[in-house]
Amino acid sequence: MGSRYAQRPYSSGERSDLAERVVRVNRVAKVVKGGRKFSFSALIVVGDMNGRVGAGIGKAREVTEAIRKGMEVAKRNMITVPMVGTTIPHEVRLKLGSARIMLKPAAPGTGVISGGAMRAVIESAGIKDILTKSHGTNNPINTVRATLAALQQLRTAQQVADLRSKEIEQIVGRRLANAYRRSDGAEPAAAAAAAAEVK
Numbered sequence: 002m003g004s005r006y007a008q009r010p011y012s013s014g015e016r017s018d019l020a021e022r023v024v025r026v027n028r029v030a031k032v033v034k035g036g037r038k039f040s041f042s043a044l045i046v047v048g049d050m051n052g053r054v055g056a057g058i059g060k061a062r063e064v065t066e067a068i069r070k071g072m073e074v075a076k077r078n079m080i081t082v083p084m085v086g087t088t089i090p091h092e093v094r095l096k097l098g099s100a101r102i103m104l105k106p107a108a109p110g111t112g113v114i115s116g117g118a119m120r121a122v123i124e125s126a127g128i129k130d131i132l133t134k135s136h137g138t139n140n141p142i143n144t145v146r147a148t149l150a151a152l153q154q155l156r157t158a159q160q161v162a163d164l165r166s167k168e169i170e171q172i173v174g175r176r177l178a179n180a181y182r183r184s185d186g187a188e189p190a191a192a193a194a195a196a197a198e199v200k
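Per our numbering: the sequence shown = residues 2 to 200.
Since the hints were made in silico from the structure, they are not lab data. Given the structure is predicted, the values throughout are model-derived calculations rather than measurements. Among these hints, one or two may not hold up.
[To be verified] The calculated lysine-lysine pairs, modelled on DSS-like cross-linking and capped at a C-alpha distance of 30 Å, are:
#: 1; residue 1: K70; residue 2: K60
#: 2; residue 1: K31; residue 2: K105
#: 3; residue 1: K60; residue 2: K96
#: 4; residue 1: K76; residue 2: K38
#: 5; residue 1: K76; residue 2: K34
#: 6; residue 1: K105; residue 2: K60
#: 7; residue 1: K38; residue 2: K70
Take these sequences, add in the hints, and give me the full structure.
This is how it looks when you write it as structure tokens:
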């Protein structure tokens, strides 16, 4: 039943600035003395399409209630994703359980090269140009968790400079530092390359 709901946009009927996606709805049966009781679990991803994204799981006897609970959890667990223009600052490789994730910055116009549950997270965060790969598990819950963990590892060159108590020129050089300051992300190709050199 999960594939029937995969990647479906959802509207709760309430006014919200967040994009909401139902990644998966799963029906669970519990065997009790009088027979079987059915309930539903829903994996939800929400994002403001501008650098903030979260995910949550809701469980209930009805599908709509499971989705509503999942959205509440996702909204409480939103993270901020550093971005440079329309892409990410640098490449990230992460292993979480059986999931192996690779996120790589891409040039403007590339689009979101991703699929499945990972695509829901990437698009909800507002990232428009990125290359991704997912190996290992096909479980959407594990994939979403690993993708969010990878996004949390992102740092811009300015953030790295601040953490090391250095000037940004000492991290990426004067030319690329000027690209950051001049456009605040309007030159994503140069800025992404700068941040990639930090890794």
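Now for the hints, and whether the structure bears them out:
Among the hinted pairs, K70 with K60 is consistent with the structure: their alpha-carbon atoms are about 7 Å apart, no more than 30 Å. Distance restraint check for K31 and K105: the Cα-Cα separation of roughly 42 Å exceeds the 30 Å cut-off, and the hinted pair is therefore not satisfied. Restraint check: the Cα-Cα separation between K60 and K96 comes to about 27 Å, which is no more than 30 Å; the hinted pair holds. As the CA atoms of K76 and K38 are separated by approximately 29 Å, the hinted pair is consistent with the 30 Å bound.
For the proposed pair K76 and K34, the alpha carbon gap of about 37 Å is over 30 Å, so the pair is violated. With a C-alpha separation of about 34 Å, the suggested pairing of K105 with K60 is violated against the 30 Å cut-off. At roughly 19 Å between alpha-carbon atoms, K38 and K70 fall within 30 Å of each other, so this suggested pair holds.
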